[in-house]
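Required output: the full structure, derived from the provided sequences and hints.
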Amino acid sequence: MSDFALHGLAPSRVLAPASAEELADCLREASARGLAVVPWGGGTHQHLGRPPERYDLALTTSRLNRVVAYHPADLVVTVEAGVTLDDLQAELARSGQWLPWDPPLPARATIGGLLASRATGALRLAYGPPRDFTLGMRVALGDGRLVKSGGRVVKNVAGYDTHKLQIGALGTLGVIAEATFKVAPLPEYRQTILAAFTNPHLPARAIEELRAAPLQPIAIAALNRLGEERIAALQPFRDGQPAHLVVLARFAGTVSAVRRQIREATRRCVAVGARTIELREEDDTPLWAAIADSTAAAYDGTLLLRVGVPPDAFGAGAGLLEQIACRRGWAPRQLGIAGGGSIYSRWHVAGAEPAAVAAALAEVRAGLVTHGGYAVVEEAPAALVTHLDLWGPPPEGVALMRALRASWDPAGVLNPGRYVIA
Amino acid sequence: MSAQEAARRQLIAALTPIVGERYVLHRPEELLLYEYDGSALDQATPDVVVVPASTEEVAACLREAWQRGVPVVARGAGTGLAGGSVAERGGLVVSLARMNRVLSVDPLARTAVVQPGVVNVDLSVAAAPYGLHFAPDPSSQRSSTIGGNVAANAGGPHCLKYGVTAAHVLAATLVLADGSVLRVGGAVPDAPGYDLLGVVVGSEGTLGIVTEVMVRLTPNPEAVHTFLAIFDEMDGASAAVSAIIAAGIVPAALEMLVGEGIAAVEAAVRAGYPTDARAVLLIEIDGLREDLADQARRIAEHCTAHGARELRAAADEEQRQRLWAGRKGALAACARIAPHYHIQDGVVPRSRLPELLRFTEEVARRHRITVVNIFHAGDGNLHPLLLFDLREPGVRERAIAAGEEILRACVEAGGSISGEHGIGIEKRDYLAWIFGAADLEAFAQLRAVFDPAGQMNPCKLLPMGSSCADIQQARGALRAVAQGAWI
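Residue numbers (the working numbering), protein chains in the order written: chain U, 1 to 422; chain C, 1001 to 1487.
Among the clues, some could well be false.
Computed far set for chain C versus chain U, every beta-carbon distance over 12 Å [as the list claims (entries may be wrong)]:
#1 R1008
#2 R1098
#3 H1367
#4 E1404
Label pairs and their calculated CB-CB ranges [claimed, not checked]:
#5 C:L1108 <-> U:Q241: 25 to 33 Å
#6 C:P1017 <-> U:V68: 55 to 63 Å
#7 C:L1108 <-> U:G273: 16 to 24 Å
#8 C:A1438 <-> U:R365: 34 to 42 Å
#9 C:A1438 <-> U:A73: 28 to 36 Å
Hints were generated in silico from the structure; no laboratory data involved.
Note that the Cβ used here is the ideal one computed from N, Cα and C, for glycine as well.
Right, here's the structure in full:
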């Protein structure tokens, strides 16, 4: 039972349906009885959101763990929601394919949970967010209706793409039972360069340079000094000289195309004053996995912010976060991901007054307004979580969103109180 | 004067102060132009057409329609192929033709903000100085508008590599049925809240009218290589397509032309299509030079292994443009074969292409109708073009029956009834072939959240419900092959 505890709350029952139909039955029953449900995949993203207002049932997709249909010749795969991303990748890799998606903790994280929490990683720079390769879904709505949208072909405009609404809805509109993806051929060769900058103002320009034609990086990440120190996989590449920022650019394709891009990227980074290191191919995958995992929950009393900023404010946003946290002595560890405009900033807030953290958060949000950015608290220590505005102001269109939730989860049993659409 | 005509005059009077007299069209000769789209559907006359110039004007017009319970149909260039912009129930057509400005291009963020009436190709022209382009390239791109592309979630040959319109839209300003204005999506992705933009794209004007769009622009590739693979057997060509995809090669575009269509296209553009071939693949790859050389070699191997008699590269950019002009102008070119057409837009898993293609020919033969297949082979998106002369008795019914049979087969192969043209009027009753009652109910609930009174493009996209029972079925009516239609 304790496996499904959340913010000190434990459910009275754990349900583990073995099919989409059983999943729908569970929700129909819960809805009829007004029992609050927390859907569970691998539990890797349960740190998101407020504590549930009520918590009666844990609904785990652990038995929905089959690959339903995989036709490598079509580059399309359909899986049940409880399949872990690593298991799916292993299956795809046997046919030389992959889902170009690199969220944290793929060994435990399930497809359903990753979609519901809209988890992404640095590969989105080249391959887009999961919504762009999700072709369709089967979903059990809050009231137990089992519905589908989209399809199993790469191009399809029949019906509304309602599955896109489920991505990032944190399980408040339904529980994903099955999803179909467009997959991609595995690149022949992948390699990364690491550029260390001692001048804190240069990297924003470096990121532009690393994206400019003809370079086509598949991922770019920028780590501040504290963030970089924390990633053990980077240890072998440290040369003892402190850097304000480390930028990593990853390339994929044929060996000769990657080699040329690495050479050109190196030239450009050196031109703006960086020391560069070419990583070996065998270090590539573990390093990027470690970077992705650094955005997972730490459960160590720190606070994790995810900040969205437009590309032209990437440097300004990172600077703002660093300045607000440093001023309070909260030693921010930061990771910026190009392409999605996301900056993750982890603050060491142990012992801080809730009011002081709330004030810092308000300062971040006020500073982001001019850039059109937003800030979400992804993880907060137990002492703070109920004192902070985790999601920020209600989104535009909140009335429509609430009406939609009322249509599909009329009894309000799905993750009540947790999401921005409570 | 009938009550209906009195209501129409009141609407005209209410709209005139909003946009000015010149932009409220209501005389019969003015309405003629707005009676049809590019589809095979019967026409319908709107009561009034309004041509607003801003989001505020659109909102004010919709408020007037809302208060009067008048149906509203948005219209871009009218190139749709499913009846989506036909005012089936009369009412108000809102033309976005005057809202045709590219408002800004941001080369660093690789985005542009445009009004919905901007013609697709004009956006790429505006982005060209920055080495960028708008990737979705429907064949109609010299006429169709961004607003229409968003409504239909338009595709195009290069969507094989770059994805359909939905992957290239970051934000939209939406005017709802009651005239309220809402921004969905944003320059910064993944903000808290549901992905309303995700359902607005492809909603065929049933959730609201998009009055501004922020799109993603794509860097122009370093190198482009375009060539024809020429086959004496159709099966060889379709098997080559399946083999290329199965090998994990995703070209920028992989188009197929079969049979009589090749000669018709060549007669129209003189681009070097081999008129004696049974099937031709138009293949384009783009990217970095080294990657291209590798892809070209592997594609050539697959084509040769499946019986290609020749691979013919575009000699220069001019020939490449002509090859594409031929492909994109194929529908009009086929008017040389027969004066009338009926077209479908089914999708099948790519490995099933050879059998489905054979099936379209068998069905056409059985129904004694000419079929020309010119389509997005790499996506498995078929466009069987059934060609005939309506003066021949019984041919209309045979064409409709043949089209339905082909679509049925696509569904049975695990595919879809539409890849890019949309559902509109034409395919709404086929929706029940792929979605059940619960699915359709959830769709209807979504629609009701945006448009509780059901005034936005009523009775389109979803099967006829009880509220639409009074509408005359228009399915399968046919039109002459026109200059203004593209597949």
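Outcome of the hint check:
1. In this structure R1008 (chain C) is separated from chain U by more than 12 Å, as the shortest Cβ-Cβ distance comes to about 31 Å.
2. Distance check on R1098 (chain C): its Cβ is at least 26 Å (rounded) from any Cβ of chain U, clearing the 12 Å threshold; non-interface status holds.
3. The Cβ of H1367 (chain C) lies farther than 12 Å from every Cβ of chain U, with a closest approach of about 24 Å, so its non-interface assignment holds.
4. The claim that E1404 (chain C) is not at the interface with chain U holds, since no C-beta of that chain comes within 12 Å of its own (minimum 15 Å).
5. Taking 25 to 33 Å as the suggested C-beta distance range, the pair L1108 (chain C) and Q241 (chain U) conforms, at roughly 30 Å.
6. Between P1017 (chain C) and V68 (chain U) the beta carbons are some 58 Å apart, a value that agrees with the proposed interval 55 to 63 Å.
7. Distance hint check: the CB atoms of L1108 (chain C) and G273 (chain U) are about 21 Å apart, consistent with the given range 16 to 24 Å.
8. For the hinted restraint 34 to 42 Å between A1438 (chain C) and R365 (chain U), the CB-CB distance of approximately 40 Å keeps it satisfied.
9. Here the CB-CB span from A1438 (chain C) to A73 (chain U) is close to 31 Å, well matched to the stated 28 to 36 Å.
When each numbered hint is compared with the structure, no violation occurs for any of them.
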